[in-house]
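**Student:** Sequence:
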Amino acid sequence: MTFAPRYLALALLVLALGGCRAEIVHDLDEPQANQILDVLNRRAIGARKSRVTRGSAATYTVSVARGDAPRAWRVLREHNLPRPKTKGVGELFGNVGLVPTATQERALMHQALAGELSRTLQRVDGVRDARVHVVLPEKKPFASGDSKAPEPRASVLLKVGKHAPLTAGEVKRLVAGAVDGLDEKRVSVVIVKAPAAAGGKQHEAPRLASVGPFDVAPGSRGPLLATLIALLVLLGAMVVLALLALRRARRARDEAASAAAAAPGAGRTDPRGTSGAGFSVDLDSSLSLVSRAVGRPTVGGATRSRHER
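Position one of the sequence shown corresponds to residue 33 (our numbering), numbered consecutively onward.
Honestly, the hints are just simulated from the structure, not real lab data.
Remember, it's a predicted structure, so these values are computed and weren't measured experimentally.
Each residue gets a CB set at the ideal place from its N, CA and C atoms; glycine is no exception.
Warning: the hint list may mix true and false statements.
[Claimed, not checked] Pair by pair, the computed Cβ-Cβ distance ranges are:
1) K194 to L260: 16 to 22 Å
2) P227 to D70: 36 to 42 Å
3) K180 to R151: 30 to 36 Å
4) E202 to V167: 37 to 43 Å
5) G254 to E137: 22 to 28 Å
6) T152 to R106: 33 to 39 Å
7) L263 to I223: 50 to 56 Å
8) T91 to P227: 29 to 35 Å
9) N112 to G201: 47 to 53 Å
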């Protein structure tokens, strides 16, 4: 039972450190997880990422304090995170059969090209989301030489923050340079700004909670208090155990001293030794004093007078 307080304190510490966080997004790649961490930390929301391995594939999970989960979800919605996965050329053509049809190949080419352009635009700081649609008209093999071949065209939708990082002209040049035969004039660009956060503030001021002299995120206040209480309980249990051990050591020392004092030959007198002789001398002295007091000879003298008679 001496270790029960220690085990109890350890259990409290484990409960304080674990079970107080909520996983808000799963199955992320590392760049997405890092981007989410950056956005949440800038809004004073403590976030952590953890690696999850399934076979040869590895994904990441982002978690926050349980009290910060609703606010974290709102922030992620404002920034359109996590962004939907767009498939590029590698992902699409890697799953095609051995001999794809002409229609499949053409559709996959359109989707792959649009996906690559969307990825490129999403990597620009300040762009929250990007969608690109590319139309590559099919060339007619039996068309007359005088007929004009249809030209490719594209449309782009950008969702940005308060300040647009790209102009429409820059987006047109980027898309036209990536598609063969595409003229900038045939690229349509629409740039929209994301709605401001609740209360009209794009970046709300960080809210902090006080724990003694420290200011922490509101969602971290509960876990921090639980951790401090668990540490105090653990420290108290250690002090109690130390006092019990000290008391036990003192008791053992006192018992050893008592046993040594009660051992044979230690402090005991031999009745046949000096103690017996001393007792006889004291008795004779007492008898002599009594006889003198009553005016009669001592026992030894009485014995001698009888012999004289």
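**Student:** If a hint holds in the structure, say so; if it doesn't, say that too.
**Tutor:** How the hints compare with the structure:
Judged by the Cβ atoms, the range 16 to 22 Å given for K194 and L260 is violated: they are separated by roughly 40 Å. The beta-carbon spacing between P227 and D70, approximately 21 Å, falls outside the hinted interval of 36 to 42 Å. Separated by about 33 Å at the C-beta atoms, K180 and R151 satisfy the suggested range of 30 to 36 Å. Range check, E202 to V167: about 21 Å between beta-carbon atoms, so the 37 to 43 Å window is missed.
At about 57 Å, the CB distance of G254 to E137 disagrees with the hint of 22 to 28 Å. At roughly 28 Å, the beta carbons of T152 and R106 sit outside the given window of 33 to 39 Å. In this structure the supplied range 50 to 56 Å holds for L263 paired with I223, their Cβ-Cβ distance being about 53 Å. Checking the proposed 29 to 35 Å range against T91 and P227 shows it holds: the Cβ atoms sit about 30 Å from each other.
Distance hint check: the CB atoms of N112 and G201 are about 24 Å apart, inconsistent with the given range 47 to 53 Å.
Hints 1, 2, 4, 5, 6, 9 from the list above are not met by this structure, while the remaining hints are.
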